[in-house]
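From the two separate chains plus the hints, produce the assembled complex.
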Amino acid sequence: MITGTGVGSVEGYGARRTWGSRLAGLRRLDWPLFVAVLALSVVGAMLVRSATFHLLTEQGKDPEGLLKRHILNLIIGFVLGGVITVLDYRLLRAYVPILYGLACVGLLAVLTPLGSTINGSHSWIVIGGGFQVQPSEFAKVGLVVLLAMILGEPRDGEIGPGRRDVLLALALAGVPGLLIMLQPDLGTTLVFIAVVLGMLAISGAQKRWLFGLVGGGVAAAAAVWFFGLLESYQIDRFTAFINPEADPRGAGYNAQQARIAIGSGGALGKGLFHGEQTSGHFVPEQQTDFIFTVAGEELGFVGAAIIVALLGVVLWRGLRIATQAADLFGTLVATGVVCWLGFQTFENVGMTIGIMPITGLPLPFVSYGGSATFANMIAFGLLQAVHVRRRAFD
Amino acid sequence: MNPRTHFRLVVLYVLVGAMLLILVGRMWALQVMEGGHYKEIAAQNRTRDIVVPAVRGMILDDRGQPLVRNRSALVVSVNRTTLMRRKDGGETVLRRLAGVLGTSYQEISKRIRLCGPTVKRPCWPGSPYQPIPVEDHVDPKRALQIMERQEDFPGVTAQLQAVRDYPEPGGANAAQVLGYLQPVTQEELDKRKGLKVTGYSGVDLVGRAGLEAQYDAALRGEPGFRKVLVDSQGRVTGTAAEQPPTSGSNLVTSIDAGVQGAAEKALKRTIDNARRAGRPADAGAAVVMDVRTGRMVAMASYPTYNPTIWTGGISQEQYDALLGKKEGEPLISRVTQGQFAPGSTFKISSVAAAVADGNGLNGIYDCPGSYNVGNRAFRNFEGEELGPMTLHTALVKSCDTIFYRFAYEEWQRDGGTSPKKNPSDPMVKMARRFGFGAKTGIDLPSESFGRIPDRGWKKDFWEITKKANCKGAKEGYPEVAKTDPARAAYLKAVAAENCVEGYVWRPGDAANFSVGQGDVLVTPLQLVRAYAAVANGGKLFAPRLGVAVVRPDGTLVRRIDAPPPERLPVDGKVLKYMRAALGDVTKSGTASGAFSGFDFKRVDVGGKTGTAEVYGKQDTSWFASFGPVKDPRFAVVVMVSQGGQGAQTAAPAVREIWEAMYGTKGGKPLLKDGRLPSELPKMPGVGAAP
Chain A
1 MITGTGVGSV EGYGARRTWG SRLAGLRRLD WPLFVAVLAL SVVGAMLVRS ATFHLLTEQG
61 KDPEGLLKRH ILNLIIGFVL GGVITVLDYR LLRAYVPILY GLACVGLLAV LTPLGSTING
121 SHSWIVIGGG FQVQPSEFAK VGLVVLLAMI LGEPRDGEIG PGRRDVLLAL ALAGVPGLLI
181 MLQPDLGTTL VFIAVVLGML AISGAQKRWL FGLVGGGVAA AAAVWFFGLL ESYQIDRFTA
241 FINPEADPRG AGYNAQQARI AIGSGGALGK GLFHGEQTSG HFVPEQQTDF IFTVAGEELG
301 FVGAAIIVAL LGVVLWRGLR IATQAADLFG TLVATGVVCW LGFQTFENVG MTIGIMPITG
361 LPLPFVSYGG SATFANMIAF GLLQAVHVRR RAFD
Chain B
395 MNPRTHFRLV VLYVLVGAML LILVGRMWAL QVMEGGHYKE IAAQNRTRDI VVPAVRGMIL
455 DDRGQPLVRN RSALVVSVNR TTLMRRKDGG ETVLRRLAGV LGTSYQEISK RIRLCGPTVK
515 RPCWPGSPYQ PIPVEDHVDP KRALQIMERQ EDFPGVTAQL QAVRDYPEPG GANAAQVLGY
575 LQPVTQEELD KRKGLKVTGY SGVDLVGRAG LEAQYDAALR GEPGFRKVLV DSQGRVTGTA
635 AEQPPTSGSN LVTSIDAGVQ GAAEKALKRT IDNARRAGRP ADAGAAVVMD VRTGRMVAMA
695 SYPTYNPTIW TGGISQEQYD ALLGKKEGEP LISRVTQGQF APGSTFKISS VAAAVADGNG
755 LNGIYDCPGS YNVGNRAFRN FEGEELGPMT LHTALVKSCD TIFYRFAYEE WQRDGGTSPK
815 KNPSDPMVKM ARRFGFGAKT GIDLPSESFG RIPDRGWKKD FWEITKKANC KGAKEGYPEV
875 AKTDPARAAY LKAVAAENCV EGYVWRPGDA ANFSVGQGDV LVTPLQLVRA YAAVANGGKL
935 FAPRLGVAVV RPDGTLVRRI DAPPPERLPV DGKVLKYMRA ALGDVTKSGT ASGAFSGFDF
995 KRVDVGGKTG TAEVYGKQDT SWFASFGPVK DPRFAVVVMV SQGGQGAQTA APAVREIWEA
1055 MYGTKGGKPL LKDGRLPSEL PKMPGVGAAP
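Read top to bottom, the protein sequences are chains A and B. 1 is the number of the first residue of the first sequence in my numbering; add one for each residue after it. 395 is the number of the first residue of the second sequence in my numbering; add one for each residue after it.
Check the hints yourself; a few may be wrong.
In silico contact screen, one side only, chain B against chain A (beta carbon under 7 Å); selected entries [what the hints assert, rightly or not]: (1) T399; (2) M421; (3) L424; (4) G429.
No lab work stands behind these hints: they were computed from the structure. Using N, Cα and C, we set each Cβ at its ideal position, and we do this for glycine too.
So that you can see chain B by itself, here it is in the shape it has in the complex (with noise of 0.2 Å):
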């Protein structure tokens, strides 16, 4: 062997030696000095925490029927991110999975990509990191083809699930009253401690709207986690650990689902039969207060919708159709966000303003048939001339002049048209002592104010609108006067006026106020409050829904309880004065047509019509109303939108109620002697329907 070769052989024993050195040092650095890390990364690999969703908890009656429950579906998740990181996109799965599902790829495609300002329903508000459920009434039979099948649909789950069912006991839909759910976002997500690996439907859901949103954190429970033992395709092998679920509390309600459904076909029937008369009557509340309490016994709403829609993803279509102006956005409850002119209804609040600025209370007072305010007159409904009479005779014939009359004085006495520096102003502080132009403090999470106008608000509208009056002012309105030169002429003045002074608190305004006309607006709910206040001697509640929160179990978690009422700054005499004075309006005032041949014997009510005139469109219908009139224990008021007359259609509708409560027109009373449940009713079975 020639030296080069034996030195270049003995070089490559070194070499050889060296990596095996090499080698072994670096084993030893793995495996010895940084074993212990290794072994806690192993171990986060070969586990995965599951979120297991808690079974949300049921919305009750107050006798503990459900009006919301959970039934269980077979449903169809995708999880974008495994698809996403498929070459295609995952096209070809879902081209698969539609084929399964009997729907199309684009139909699938459009449910599973993310919902953005440009992207319409159907789209995936949530998270897109969640699976998300694309099918939520699979039959078992396709739900096994996708499980057993696991390797050609990656991404594809199929499991049992809860989701929201609606039994609509006694009839009662209450879709505005109870709310929806819809898909958590990234955010809030992140905000809640322990969702960031997230299970399904059951915990990614949040309570958008209605009760399902106020008492959220109550129904939802605790999401329970399952550590489980995976491979490597994810597949899992075993549990290493588990914490069960906490099921979501169930919430006693103080609605009657029996009223509930009584008072929704009350609305529905009276509207029905206001349309057959000509009148549009698009729109329409019917709500039920319990007086003593303050708690909600019926929120109706007209036009409303099926809340099952909401599950397992809503149609572009359906979405539109829920917040359609042609659909009458059914979405929207009009006992808590529609605001309308209260109209002569409103005339309790006014009466009281009056006794309190020193008119007397069994004074007589001239019913004219038309009373001039400043240059104006304003006259009666249909201007009737009624003659003298007492305040009691007012209310119940519905007279306008004498409210006119005390309004314009008042007005005078505040300096007219350049005001003292702190006008009294009676009839405003009183009607805001009613409540109205405030939230009622109800326990739902979207609630109108409705509107008391007075002089600040009027200086504010006026700095809104003064540059389209004055326009109006200096252009006139041509379009209007190709068809209506008369017409044309007075919006010229009007806007002329408005430009200039239209700032200005006038006489008209204070005497439209005192009638619930002009500017003003209510809510159905802060009227009924507001009679309900009136008849229990004075207390103004903040309304409640809900009851008690109670385990499924039947614990109690915590009774719900409104805050201490307010109290209307009346007179106990008044407010007794006026129940008489309401209680003859269904005898012999405005409302007896409608009442008549009602068994006033079984129950007493009273209360007061309103027709409340709306430029443009038809009058509203209202009827608040109370009883028993000498021991009051509800309120139920009715208002149809463009309904016509109080008397036409609103109080057929609250009699309608009453007569249900009561079983006063034969059948079962609802409510045996006018008596709500005084118990917390036993929590029904499981969650979810069998």
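So here's chain A without its partners, still in its complex pose (with noise of 0.2 Å):
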């Protein structure tokens, strides 16, 4: 696949471009995308409010504090979205290397001293002034621009990536896995997993390799299970996955209430900013990984459906733009960024109605986060400068 000059090379790196062009150019933006984003993004801002609110009250502080930072933090990600979008993505391999080597870099300060633990996770670096940031969210970005390198790799006659690119970006891929496993962080981890199996695929490799990660992972899972190298914390979790009501008041806790106030939340829901669920506190972490509870109890079964379809959308035309990218390199971008979003939307929504075990996995473009924000928008930037250059024939 050589070919996929699409008239986006000509527009989007031109040094002298008219207004037109530019005009010309948003009109080439897949709108239903942005609009699904730019829908999730306001009921997220409104959620958050409710889920911060009343505690932010109680605390004395700005009740409104949280809300106002993640506004700010919304408008920054979708300038940063548009960056993405306007640069030519294909440039972007030249910068990989950077961009892989900085995730590195951060995800190794995370296990020095320089790391910190929020919330229970040690994931983060505390930069001062309020700001910290998390370097897994990041690492994200950089796993599906890295893998789309290399397995997007313009080749001849193969259908697929060949054993050296395979293993190639296996390694690559392994170094940032590794690093965010001693975290250790379950969900990225996860995530990894599911954007390395899907681009996979998708490059159109061997079959043998995708039978033969997945046979890999599920000895490696039994392997960390019976030598006990997991925390107990996390084997706690998942007996609470299995018997929800097994110890209601310490692993199963949060599942336990988060089911309860989605639940309760019945067909129609108790109101925005109505929900005695989400104003008691009593499920943790509300604003962030537990945000879809409170969409659940205030917007009833009808709003959380909403959310469910607007970042079904998100998906949708993710593939839409896979289908259509001009290059490899293009659907593989796309491709990863699905897969990634995809398992998070799955895992994150899953683990709050009880058909997922619980992991700290923020839902996308919903959660209150900088760093998760600020991934997503350039994801979603990503999508749309996939987009913008896809083929002709469109």
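Here it is in structure tokens:
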């Protein structure tokens, strides 16, 4: 696939661009995707307000302090996404080593005394002044672009990447993956696995690689379990997932409370800002990992289903963009983003409704959190960038 | 795009679609299908039931003066369950708390450990799920420190609670009558409906002795409930529903605080005097009963203790002291649980028995210095030779030999050592009709039987002691022989006799019985009601302390009435004869010295001294009295263990009580004209003192 020279290559790379061409570029954006992300951001902001308003009031702080920060994060995120959209994503290849290196350095730094533990996970670097960075979020971006570069190398005749490319991709993905496992951040590790598997598959790699990876993963998981390499809280979370009533005050507490909040929302919900479970802070981490419980309680099945549908729109547009991309690199970037956001959505919503074990992953575009918002918006920008430079026949 | 990539993208489409469907499907099940169920759980999640303790009722005297009331105290409690859930078992919290309260961590952790067979006090005898009070005299500043920094003190609460307060009106302590409260145990809690979720000490305490235990249900009241809205930290954000508690009712008793105080004072004074005279006088009782109604006016027991030690956790030393032999077991009421040989005070029963047995009421009987019962001589007190006399004089002078003869002759008629099939045993039977050897049925939870030894009892006792006696008969008493060979020989002979035929009701047993000696034991309460029965013409009451249960607002819940009295099987003439004789005891008889100068015109007191010999100890001093002789109102009994002769120690105390009641020694009479209040008193203000 050396072909695929789309219009984008001309437009995006021009040093002198007219206003007309810029507007034409705007017209080429994926608007349904844009509207869905914007809608998720607005709903997310409302839910963040609902989740934090009472607690902040009780603490005597600005009740909308977190909302304001979240809005600021969203604005910065949209700007970041816009910049990525405008940039020619193919140029990213040049920066991939730098991006990758930065991600690895960040992840390493977390493991040094620079790293901090926030809400039980050791995955932060506190910069000071109330700012902190979660390098694992940016590592997801790095991973997607890196794998796209390696697996999307133009090849002659071959349908999929060769053994050398696959091994290189696995090795390079393995370094940040291992660092994240050491934090330990099980959720992000699972995202990494989903992204690697998905991108390998779409790149056209041989089936044996896929089955080999899945089999190896299962074996590794079994080994980890049997050799007791998991932290006790992780085992508790799995036990609680199997039987949430076993320890309603301990590990099962989050799962139990999340289900109660969502279930009590019923079909139509209790109304935005009127969730009693939410205002009573029964669900921990409610503005971040458990924000879906606010939606479930206050907006009911209808509202929560709309949020899932909006995320569905994002994923659908992402897959569509992957299909229509100008080159394999673009296809793989879009695929990586879809696998990342898709798995994270399934895991995050799934854990609040009791079909997945609890891990610390935010809901894309909805949860509070600077690093996650920025990373998601970059992903959104990547999708748009691939779309803007899609194949001409569309 | 190559076909493989294209195909796999289609698969990914399907996967994403399936995943979304799974999520929405599960949400449908959770929110739409099971929504109602989760709504219910959510409601429980957000509300919590709090038990609002009812204020416990007061215990009042006959004039409405509180003997027990409540005062407000700032109590700091610790929730064990919350602490145990912490990583270090709550040690840091307790150390911090100890710092604020100015005690040590060790002290607090001792107080909150659970009592068990091997755990000594201080420990928590109540339910482990209740807040455990660790300090009940907290000053408000420190309490505020704890409440303001709740995040530093999880599981610790400081709040106002009502604790029991003992104002001691008229100096009345009455600790053994009033009883005490202790934390309710988990089993009791489970039995009581609606107390599963408990509040604070008001409901968690239960009467464990005395009136607090007897009338616990009435005093306790009904706790209220408050359904409060809480957040996930358990902080209360509002009230959803409320049912106010019903305060416990007050218990009006027949105890007259003034008389009770006077009785305690008189008892203490006479015991102090006896001790100054060199007698041990280790314990005593003073009882006053209304002979017309069977109600108790005063019940004093010595030694006593300060009941406030029960509030807020009792220490091991304090607890040991309450039951310590050295301290005289102040927890035990000598009135209801003290069992002593009654000595000559028992003769009212013996006279009645002798007359019923056919001895003429107006006959003349010889009172020799000693009388041979079988092969042993039984002597009068100090062997005094008094000559022929009436039964009247026999009581006044306390002749013993007349009663020995009655008893011996009855014993012989019953067949002696080989008794008839149905021996008549008139003295034993009469004693039982006087209420000895059985519980009086007073409204208190613990009471002793006393002992009326008879043929059956002797046989049982023989079987229990046979082994030891036969061993003594065989091996002698070498330990005793070292110092007192004569005594060892005597003991060996007695053991040999008891080993072989200890079950036999011997003539000596019958003789001793007739004068309240030997194995006869009575409680002061039994004796006072027997004298009350002689005084009131034969009515043997089940004594009552409680008069009525009255709500704090004054409405009567119920009156407490004694069951109809039993009747003595004694002719009214005989009772009247005995009353006259007892009336002379204080004027010309054994108690004339103790009552010399007493104002008999104001109140004509009659009575009987008792000096009971106790093997290896000094005599038990008794005086049982009633008055006025012509129109009796009260019976008063004083007993002092190891107090010497009845006239020496008990009689002066009885005199002092009568003087206080009628004001015959100057001073304001405690009971005007000897009258008790005839109506229920007005209720004093609210339960808690200001």
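Structure-based check of all given hints:
1. T399: holds (5 Å)
2. M421: Holds: closest Cβ of chain A sits about 6 Å from M421 of chain B, inside 7 Å.
3. L424: Holds, because the Cβ-Cβ distance from L424 of chain B to chain A comes to roughly 5 Å (cut-off 7 Å).
4. G429: holds (4 Å)
In the structure shown, no violation is registered for any of the earlier numbered hints.
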